[in-house]
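Could you put the whole structure together from the sequences, leaning on the hints where they help?
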Amino acid sequence: MNFQAIKAIYRYEINRTLRTWKQSIASPVISTSLYFIVFGSAIGSRMMDIDGVSYAAFIVPGLILLTILVESINNAAFGIYMPRFTGTIYEILAAPISAFEIVIAYVGAAATKSVVLGLIILLTARGFVDFSIVYPFWMLAFLVLISVTFCLFGFVLGVWADGFERLQIVPMMVVMPLTFLGGSFYSINMLPGIWQTVALFNPVVYLVNGFRWSFYGVSDVNAALSLSMIFLFMLICLSVIWWIFKTGYKIKV
Amino acid sequence: MPDEAIISVSNLSKVYPSGFQALDNINLTIKRGEIFALLGPNGAGKTTLISILCGLVNPGPGELKVDGLDVVKDYRAVRRKIGLVPQEISISMFETVWATVNLTRGLYGKKPDNVYLEKLLRSLSLWDKKDNKLMTLSGGMKRRVLIAKALSHQPQVLFLDEPTAGVDVELRRDMWQMIRGLKNDGVTIILTTHYIEEAEDMADRVGVINKGRIVLVEEKAELMKKLGRRELVLELPAPLPALPAAVQIDGLVLSADGKKLTYTYDTRSDYGEIGRVIRTLYDHGIEFRDLQTSQSTLEDIFVSLVSGNDANAVESKGGAQ
Ligand SMILES: Nc1ncnc2c1ncn2[C@@H]1O[C@H](COP(=O)(O)OP(=O)(O)OP(=O)(O)O)[C@@H](O)[C@H]1O
Ligand SMILES: [Mg+2]
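Quick mapping for you: the protein sequence lines, in order, are chains Z and B.
Using the numbering used here, you'd call the opening residue of the first sequence number 1 and step up by one each time.
Using the numbering used here, you'd call the opening residue of the second sequence number 1 and step up by one each time.
Simulated from the structure, these hints should not be mistaken for laboratory data.
As the structure is a computational prediction, the values presented were derived from the model and not from experiment.
Worth double-checking, as some hints may not be accurate.
[Claimed, not checked] List time: in silico DSSO-like cross-link candidates among lysine-lysine, alpha-carbon distance up to 30 Å:
(1) Z:K252 x B:K110
(2) Z:K7 x B:K65
(3) Z:K22 x B:K142
(4) B:K211 x Z:K7
(5) B:K31 x Z:K22
(6) B:K110 x Z:K7
(7) B:K73 x Z:K252
(8) Z:K22 x B:K129
(9) Z:K7 x B:K111
(10) Z:K252 x B:K133
(11) Z:K250 x B:K81
(12) B:K119 x Z:K246
(13) B:K130 x Z:K22
(14) B:K81 x Z:K252
(15) B:K211 x Z:K250
(16) B:K130 x Z:K250
(17) B:K65 x Z:K250
(18) Z:K7 x B:K119
(19) Z:K246 x B:K73
(20) B:K119 x Z:K252
(21) Z:K7 x B:K142
(22) B:K111 x Z:K252
(23) B:K65 x Z:K252
(24) Z:K246 x B:K65
(25) B:K73 x Z:K7
(26) Z:K7 x B:K81
(27) Z:K252 x B:K142
(28) B:K110 x Z:K246
(29) B:K129 x Z:K252
(30) B:K73 x Z:K250
(31) B:K225 x Z:K7
(32) B:K129 x Z:K7
(33) Z:K250 x B:K110
Listed below in structure tokens is the structure:
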């Protein structure tokens with residue numbers, strides 16, 4: 001293992017985040033806070049409790065997740081897309097590092113940022129909403145696993161993308177809607193009959209419910225099933241990445 | 001005792017996914033410690049060859065060894081030995097000089113070494129710019145940053161892909177001086193260029209590549225000897241059946257039709273030679289109507305090589321090896 005190289009890329013990526021902290025940390029924290037104010041404090045006070053949890057508290061895990069998913073994808077995708085776009089990827093390709101190490105470094109850095117961002121949002125949320133976490137360990141485990149998985153997905157996207165448009169389109173057009181429809185703001189039990197079944201085909205339902213279970217011990221789906229779904233998605237991303245490096249797809253000709 | 005060859009390429013071909021054949025059965029050996037100039041017109045395959053050796057492009061069929069190690073199988077060991085200055089200036093514009101040089105060193109698995117990096121940046125006149133963002137540097141400075149990056153991990157082999165493109169005379173001179181210094185430290189240098197003078201000035205050996213084929217590899221000294229040749233052509237007023245025995249001079253040849261005498265000589269030898277030849281001819285009653293001299297240049301060789309009529313080209317001793 002070329003640890004120095006992993007460290008060098010990791011540090012470079014973290015520095016990039018710190019350099020652009022306004023955009024990469026402050027702006028997601030502020031926009032999520034707006035959700036807490038509007039949905040949690042303003043509207044939430046007029047809503048009924050769901051599964052014995054106040055509405056404002058109920059939406060906290062989903063809102064954190066919404067930001068984590070979008071930011072993980074964006075950050076990991078940009079991390080690898082920018083060197084491809086500017087040509088600086090030559091340096092990574094010519095270095096004595098394996099594909100595995102490249103992925104660890106880029107995805108590791110992006111996931112670190114997501115986890116930190118998630119924790120910052122969590123603390124911010126505590127300022128608006130009163131809640132406690134039943135299973136802190138599992139909360140952290142879900143946060144890390146989901147961050148890593150979606151950073152892997154972002155990495156794939158960053159390799160696949162041919163332009164900035166493609167880079168933006170997936171988080172905006174796929175992940176955002178799936179998260180909104182995935183029970184971030186409601187329990188899927190509240191949906192009319194057939195839609196409950198349809199919802200189960202939305203992978204984000206499992207993420208949101210697993211994460212929410214770690215907060216309040218309540219969930220629409222089994223937490224173990226949630227965890228399995230995350231691992232399954234992670235496995236798919238890893239296979240795609242393995243294939244990308246094996247064939248050099250869009251990285252090497 | 002180390003092997004004399006540091007890079008050996010055998011029967012390497014490369015077809016891009018587009019179907020374009022960029023390299024066609026390349027055989028090439030680079031000697032340890034030499035400066036090798038790879039000359040060729042646009043699209044000849046210079047960058048492709050270098051990119052394959054550096055791991056940027058997947059190799060096609062063929063065998064590639066650096067210091068006895070396989071470029072694909074032993075990629076880690078191989079790449080640690082190599083530094084690359086790419087043709088295009090690709091750097092992350094928001095990074096500082098110091099950070100980017102440290103990044104490269106880290107990528108090659110080396111521990112930070114501020115003393116060495118300071119020395120390196122000073123030698124490239126970049127030390128006072130070390131905290132500047134790359135986007136604030138001029139084009140020539142950016143190119144020097146690329147060189148600093150390529151040398152940041154103290155490689156044994158340095159590839160320079162058109163290092164002097166867009167570089168002013170002074171910087172070019174500095175660059176050559178630095179390259180000579182590296183050579184003295186035992187670094188093997190492979191550079192590509194369109195400029196023949198560059199190859200003449202710097203290289204120990206010169207290779208010419210065209211349309212993906214190596215058409216010539218030669219010691220520069222050997223090449224210069226051929227270049228140094230001048231030809232004196234004398235047109236005779238009447239055909240001469242044969243050269244009289246008394247004017248049998250080395251290098252003097254009568255054409256088949258007897259109308260021309262050609263004398264080939266070395267510019268570096270005594271100029272008295274031509275005078276002697278002409279006097280001797282006069283003394284034996286051989287007069288001439290007209291006279292012309294010509295000199296072949298590396299340019300001529302290059303042009304005739306790459307324009308495809310290899311048969312007319314200067315025969316290369318040993319050819320591509
Ligand atoms: N990724 C690619 N896909 C398809 N063809 C390519 C690719 N890269 C290069 N080529 C083609 O391969 C040939 C050799 O290109 P290469 O860059 O090796 O030339 P070069 O000798 O470095 O030229 P120059 O002096 O202009 O830098 C060119 O015809 C080029 O169009
Ligand atoms: Mg080139």
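Here is what the structure says about each hint:
1. Z:K252 x B:K110: Answer holds: Z:K252 to B:K110 is near 25 Å, not above 30 Å.
2. Z:K7 x B:K65: Given that 30 Å is the threshold and the Cα spacing comes to 29 Å, the pair holds.
3. Z:K22 x B:K142: With a Cα-Cα distance of about 28 Å, the restraint between Z:K22 and B:K142 holds, given a limit of 30 Å.
4. B:K211 x Z:K7: Distance of about 42 Å is beyond 30 Å: violated.
5. B:K31 x Z:K22: Violated, at about 53 Å.
6. B:K110 x Z:K7: Within the cut-off at roughly 11 Å; holds.
7. B:K73 x Z:K252: 17 Å, holds
8. Z:K22 x B:K129: 27 Å, holds
9. Z:K7 x B:K111: 11 Å, holds
10. Z:K252 x B:K133: 29 Å, holds
11. Z:K250 x B:K81: Cα-Cα ~26 Å, so holds.
12. B:K119 x Z:K246: Not satisfied, since the Cα-Cα distance of roughly 39 Å exceeds 30 Å.
13. B:K130 x Z:K22: Holds, at roughly 26 Å.
14. B:K81 x Z:K252: 21 Å, holds
15. B:K211 x Z:K250: Satisfied, since the Cα-Cα distance of roughly 25 Å is no more than 30 Å.
16. B:K130 x Z:K250: 33 Å, violated
17. B:K65 x Z:K250: 26 Å, holds
18. Z:K7 x B:K119: It holds: about 24 Å lies between the C-alpha atoms, which stays within 30 Å.
19. Z:K246 x B:K73: OK: Z:K246 and B:K73 at ~14 Å, within 30 Å.
20. B:K119 x Z:K252: 34 Å, violated
21. Z:K7 x B:K142: 25 Å, holds
22. B:K111 x Z:K252: 28 Å, holds
23. B:K65 x Z:K252: It holds: about 20 Å lies between the C-alpha atoms, which stays within 30 Å.
24. Z:K246 x B:K65: 21 Å, holds
25. B:K73 x Z:K7: 24 Å, holds
26. Z:K7 x B:K81: 20 Å, holds
27. Z:K252 x B:K142: At roughly 25 Å apart (the allowed maximum being 30 Å), B:K142 and Z:K252 satisfy the hint.
28. B:K110 x Z:K246: Given that 30 Å is the threshold and the Cα spacing comes to 26 Å, the pair holds.
29. B:K129 x Z:K252: 33 Å, violated
30. B:K73 x Z:K250: 22 Å, holds
31. B:K225 x Z:K7: 53 Å, violated
32. B:K129 x Z:K7: Within the cut-off at roughly 25 Å; holds.
33. Z:K250 x B:K110: Holds, because 29 Å separates the two Cα atoms, which is no more than 30 Å.
Going down the numbered hints, you'll see the structure goes against 4, 5, 12, 16, 20, 29 and 31, while the others check out.
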